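Undergrad: What follows is each chain in one-letter form.
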Amino acid sequence: MNGEYSLDTTEGMAASGDPPTNNAVDDYDAEEALERQREEENKIKIKLKSFEGGVYECGLTAAKMSVMVANMLDALQETDLTKIATREPIPLQNDAVTNKALEKIVEWVDHHWDDPPIDPDFDDEKERRNEELSHWDKQFIDIADQGELFDIIAAANFMDIKGLVEVGAKHICNKIKGKSCTEVREMLKIHNDFTPEEEAAIHKENEWIYAKD
Amino acid sequence: MSSDTNQSNSVVVVNSVNTSGTGNQVLNDDVLIHIFGNLSTNELLRIKKVCHQFSACVGSALKMRKTLSIGGNSGDDVGDWFRVVDYIDYKHNRLSAISRQKYYDLVANYCTLKSILKMCPNIESLYLADTRMDYLTLDLIITGCPQLRHLALDGIGYLLNDNFVSNKFETYGDQALDTICRFCIEKMVKKNEFTLYMSPEVVKGVVDQSVAMNVWIPDNFHIKPLQMMAHSQ
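Same order as they appear, the protein sequences are chains A and B.
Heads up: the first sequence is residues 1 to 213, going by my numbering.
Heads up: the second sequence is residues 1 to 233, going by my numbering.
FYI, nobody ran anything at the bench for these hints, they're computed from the structure.
Be aware that one or more of the hints could be misleading.
[Claimed, not checked] Calculated cross-link-like contacts (lysine-lysine; reagent style BS3-like; alpha-carbon spacing at most 25 Å): (1) A/Lys177 / B/Lys118; (2) A/Lys47 / A/Lys162; (3) B/Lys204 / B/Lys224; (4) A/Lys138 / A/Lys162; (5) B/Lys63 / B/Lys187; (6) A/Lys175 / A/Lys162; (7) A/Lys204 / A/Lys179; (8) A/Lys162 / B/Lys66; (9) B/Lys63 / A/Lys179; (10) A/Lys179 / A/Lys189; (11) A/Lys177 / B/Lys63; (12) B/Lys63 / A/Lys162; (13) A/Lys45 / A/Lys83; (14) B/Lys118 / A/Lys204; (15) A/Lys204 / B/Lys114; (16) A/Lys177 / A/Lys138; (17) A/Lys162 / A/Lys43; (18) B/Lys66 / B/Lys187; (19) A/Lys204 / A/Lys177; (20) A/Lys162 / A/Lys177; (21) B/Lys118 / B/Lys63; (22) B/Lys187 / B/Lys114; (23) B/Lys66 / B/Lys114; (24) B/Lys63 / A/Lys204; (25) B/Lys66 / B/Lys224; (26) A/Lys177 / B/Lys66; (27) B/Lys63 / A/Lys175; (28) A/Lys189 / A/Lys138; (29) A/Lys45 / A/Lys162.
[Claimed, not checked] Label-pair distances were calculated between CB atoms; the ranges are: (30) B/Glu186 / A/Ala70: 48 to 56 Å; (31) A/Asp27 / B/Lys187: 44 to 52 Å; (32) B/Asn122 / A/Asp115: 29 to 37 Å; (33) A/Asp29 / B/Asp139: 57 to 65 Å; (34) A/Asp145 / B/Lys187: 52 to 60 Å.
These numbers come from a predicted model, not from an experiment.
All residues carry an ideal CB built from backbone N, CA and C; glycine is no exception.
Let's have the full structure, built from the sequences with the hints guiding it.
TA: Structure below.
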């Protein structure tokens, strides 16, 4: 039996033959059970309704990555989770949640639902900023239509899906990096709403910044 | 794969308005501040002038910054904004070719430093590498960063040698370092915890000298080697 565990768990392998302690087995079992429960729950499909009325199906665990959806589900106080599937679609009342955006969001949570949760204790400002996006995320977020991209980020922000907002934020950051103000305006299609006087005032206030432009 | 396509197609797209709906806003402030959280301080300062919304959100993002460095290699580095002074390091490279070193001149760019610190009032860790300072700038740093808990002075080990002390880099000598410590202690006594990080070879000297000179080091004031900065940041 011990041999069995040492094959299954990394702890067992690291200990190279030493039987794992009971605690380790318990932790492992608990983790495994939780994992299985999440997996089971994700087989239950719930329906989400975009602002435009489109209805999209999504695994329960995946949908709960949206803190907003998770709260709404909690508020239902439904003990029989399978009943959630047959309920009315959950409406997402924000104009950023377009059909296209919701479709992409569902795609993202379906891919990421079994990600390990982010540990808030290790949420280091700098490290988080330097971390690269995964290849999958890069491809996912590389959307030519800027309106659609912004809708997805705004919708993810509205639905409170931290991981996805982060992906969008990093993507836009990569696009902004190294660009001048004019280039940023061109790229994001923003028009300069400063009056010449205001601009001159900012310029003067922080002359050292723009001396190099 | 999981969409109810029939239904979604039946709803004719109403959006097209919503991205440009509110005039110039491409994204709401929340999201924009979040995006800016991923940009370096350097980048933020540069894009401030894009539009009103950017300017405001850059301001908010900078207020949330906790770390800043001048002359380091991190993304937070704002060294670009300071005049760089070249000097030639003869003494330490006798065996190799003469090497050029760069110095960030905080003394000559006092106003720049002042406005950066003003924009980032919540800095907790400040990392200064290869910088030229005097007491005015040190005072500015300590009074300008009320939340400061970690201050690192890197690359000043070289300057301990008479060579450069006499060579216009009048700031750091053994004595200067000692005075920096005294200065920090004096200004920081009221604070909870404060750590000054310096090159390992300097730390011992400074501590020994302080003890020898009977400088009182309060319990909440620490002097540690630079390597330990990583753990605290």
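Undergrad: Hint compliance check: list the failing hint numbers for this structure, sorted ascending.
TA: none
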